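**Q** If you want the building blocks of each chain, they are given just below.
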Amino acid sequence: MSSFLGSSVSKKFVMAIFGLFLIVFLLVHLGLNLFLLSDNPEPFNKAAHFMASNPIVKVFEIVLMGGFLIHMLWGIILQIQNWIARPVQYKQMAQTQISFFSKYMIYTGGIIIIFLLIHFTNFYFVKLGLVEGDHENFYGMAHELFTIPAYLIFYLFSFLILSFHLNHAFQSAFQTLGLNHNSYTPTIKFIGLLYSILVPAGFAIIAILLYFSN
Amino acid sequence: MKVKLKIWRQKNAVSKGKFVTYDFDGASPEMSFLEMLDALNTTLIQKGDNPVAFDSDCREGICGACGMYINGYPNGPVKGITTCHLSMRYFKDGQTIVVEPWRAKAFPVVKDLIVDRMAFDKIQTAGGFISTNVGSAPDAHAIPVNKSKADDAFDSSICIGCGTCVAACKNASAMLFVSAKVSQYALFPQGKIEAKERVKAMIQTMDELGFGNCTNTGACEAQCPKNISIINIARLNREYFSAKIN
Ligand code: FES
Numbered sequence: 001m002s003s004f005l006g007s008s009v010s011k012k013f014v015m016a017i018f019g020l021f022l023i024v025f026l027l028v029h030l031g032l033n034l035f036l037l038s039d040n041p042e043p044f045n046k047a048a049h050f051m052a053s054n055p056i057v058k059v060f061e062i063v064l065m066g067g068f069l070i071h072m073l074w075g076i077i078l079q080i081q082n083w084i085a086r087p088v089q090y091k092q093m094a095q096t097q098i099s100f101f102s103k104y105m106i107y108t109g110g111i112i113i114i115f116l117l118i119h120f121t122n123f124y125f126v127k128l129g130l131v132e133g134d135h136e137n138f139y140g141m142a143h144e145l146f147t148i149p150a151y152l153i154f155y156l157f158s159f160l161i162l163s164f165h166l167n168h169a170f171q172s173a174f175q176t177l178g179l180n181h182n183s184y185t186p187t188i189k190f191i192g193l194l195y196s197i198l199v200p201a202g203f204a205i206i207a208i209l210l211y212f213s214n
Numbered sequence: 001m002k003v004k005l006k007i008w009r010q011k012n013a014v015s016k017g018k019f020v021t022y023d024f025d026g027a028s029p030e031m032s033f034l035e036m037l038d039a040l041n042t043t044l045i046q047k048g049d050n051p052v053a054f055d056s057d058c059r060e061g062i063c064g065a066c067g068m069y070i071n072g073y074p075n076g077p078v079k080g081i082t083t084c085h086l087s088m089r090y091f092k093d094g095q096t097i098v099v100e101p102w103r104a105k106a107f108p109v110v111k112d113l114i115v116d117r118m119a120f121d122k123i124q125t126a127g128g129f130i131s132t133n134v135g136s137a138p139d140a141h142a143i144p145v146n147k148s149k150a151d152d153a154f155d156s157s158i159c160i161g162c163g164t165c166v167a168a169c170k171n172a173s174a175m176l177f178v179s180a181k182v183s184q185y186a187l188f189p190q191g192k193i194e195a196k197e198r199v200k201a202m203i204q205t206m207d208e209l210g211f212g213n214c215t216n217t218g219a220c221e222a223q224c225p226k227n228i229s230i231i232n233i234a235r236l237n238r239e240y241f242s243a244k245i246n
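Chains A and B, in that order, give the protein sequences. Heads up: the first sequence runs through residues 1 to 214, numbered per this note's numbering. Heads up: the second sequence runs through residues 1 to 246, numbered per this note's numbering.
Bound-form chain A, shown alone (with noise of 0.2 Å):
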C-alpha cells in the first residue's frame, strides 16, 4: 500500500480522486448558495443546519476535508519534486503552446487555498465553534459580508482564479485516472470547459446579487 501512495502516478491518482470529488462537492454547495437569493433566511439556514447535524453528511464532511488537505499536500509535494527535477532552467523560455491555465496549477491553487482560509473562519470554523459567530444565522452572516465591498472584490477574484484552476483541472483528472479515448475525451474537455466557466460564474452572480440587493 505504501509503495501505491509513494510513486509519482499513484499521487496523482490520489489528485484527481479528491479533485474530482471537490468539484462535485463545488455543485452541491452552489445549489445550497442559491437558497442565500430568496427574502426569507428560514431555507438556508434549514440546509446549513441540516448539512450541520445529518450524520451521513458529517462523513462526506470528514471525506471532504480530507480530500481538502490532501489534494493541497499532495500538490504541494509534486510541484516541489517538480521544481527540483530541472535544478537548471533554460535561459530561453519556453515556446511551446501548452493550456495556458495548467502552468499555473500551483499558484491558482495557492490563491484558493487563502481563500478557503478566509471563508472557514468566516462560516465553517463558526460552526465548529472555533470562531465567534450566530451559527444558526448563517444566512444573515453571508448578507452582512456581501455589503463589504472589498470582500466582494476578493470573493470575485477568488472565484475567477477557481475557474483558470478547474478548467486544467476537470480534464486532467480524468487524464490521470487512465481515461483518454479520441471517442470521448473531446466530450469531457467541453464539459470541463462549461464547468469552469458556468460554476464559479454561478458564485460570482449570486454574491453580486448579494451585495445589492442589500
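Hints were generated in silico from the structure; no laboratory data involved.
Covered stretches of chain B, going by a simulated chain A footprint (3 or more residues, C-beta under 8 Å):
| # | stretch |
| --- | --- |
| 1 | 162-172 |
| 2 | 197-208 |
| 3 | 218-224 |
Each pair of labels, with its calculated beta carbon distance range:
| # | chain 1 | residue 1 | chain 2 | residue 2 | range |
| --- | --- | --- | --- | --- | --- |
| 4 | B | PHE19 | A | GLY31 | 52 to 60 Å |
| 5 | A | PRO55 | B | ILE245 | 25 to 33 Å |
| 6 | A | ILE153 | B | MET118 | 51 to 59 Å |
| 7 | A | LEU179 | B | ASP57 | 36 to 44 Å |
| 8 | B | TYR90 | A | GLU61 | 56 to 64 Å |
| 9 | B | ILE245 | A | TRP83 | 26 to 34 Å |
| 10 | B | SER131 | A | LEU73 | 34 to 42 Å |
Just so it is clear, the structure is predicted and the values come from calculations on it, not from any experiment. Glycine included, C-beta positions come from ideal geometry on N, C-alpha and C.
Position chain B with the ligand against the provided structure of chain A, taking the given hints into account.
**A** Frame of chain A; chain B with the ligand shown alone:
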C-alpha cells in the same frame, strides 16, 4: 547567411558552463542545423578553439541522439522533427539563435550540448522487454493480434528515446517516454505476460532517477519528433493501477 549563435559551453560535467556568442557568417539556408554547427566547429578548430560538442549519429531522425534546445523549443521551432532534420531555412538572416542542452536533473550535462541520457536506458532495462524463447521464427499466425491494437503499438514503438519529452516538459517528466515503452508491449498478447511487473518496475525506476511528475500539460506531445500522443500516458496510468490492484 549570417547568424548570431549563443551556445552553452561547458567543459565537463563538473565545470560551471556559460553562454558564448558566435557571430557566424558561414551558414546557408540549404544546410541542416547540425551541418551549420559542423561548419562553425571547422572555423573554431582552425582558430585553435575547442569545437562545440554535440551528439549525433544517424542524422536522419532515427537514433534520437541529436536533441538540443533551440530558441525555446526542443529540436527548434519546427514541429515533429529531430534536431538533425531541422533546416537553416527556418531561420532568418542575422537571427539570434540560443542553443542549450536538455535541462533535467536526470539528464546531467556531460559537455557543451551533450547530456547523459543513460536514465532512459535504466528505465528500459527495468522492464522494457519481453522474455521469450529464441530460436527459429515462430509461425506468424500462432498468436492472433488485433489489427487496431497492432497499429497503436506501432505508433508507440516509434519512440526513439531522444528525451524531447523530458526537455519540453515544465516538470522534466519522462512519462511520455515511459508510456510509449509500456504501451508498445501492453498492447500485444506477448507483452501481457509480464505487463504488471513491467509497468511497476519502469515507474519505480523513473521516479528513482529524479524525473518530475506529469501534470498533463501536453508540452511533450506537442514537441515529440515522432508525434507520440499522451493517450499513451493515460494507458500507462491504467496499466499501473490495474497492476497495483490485481
Ligand atoms: S542524429 Fe539520429 S535522430 Fe538526429
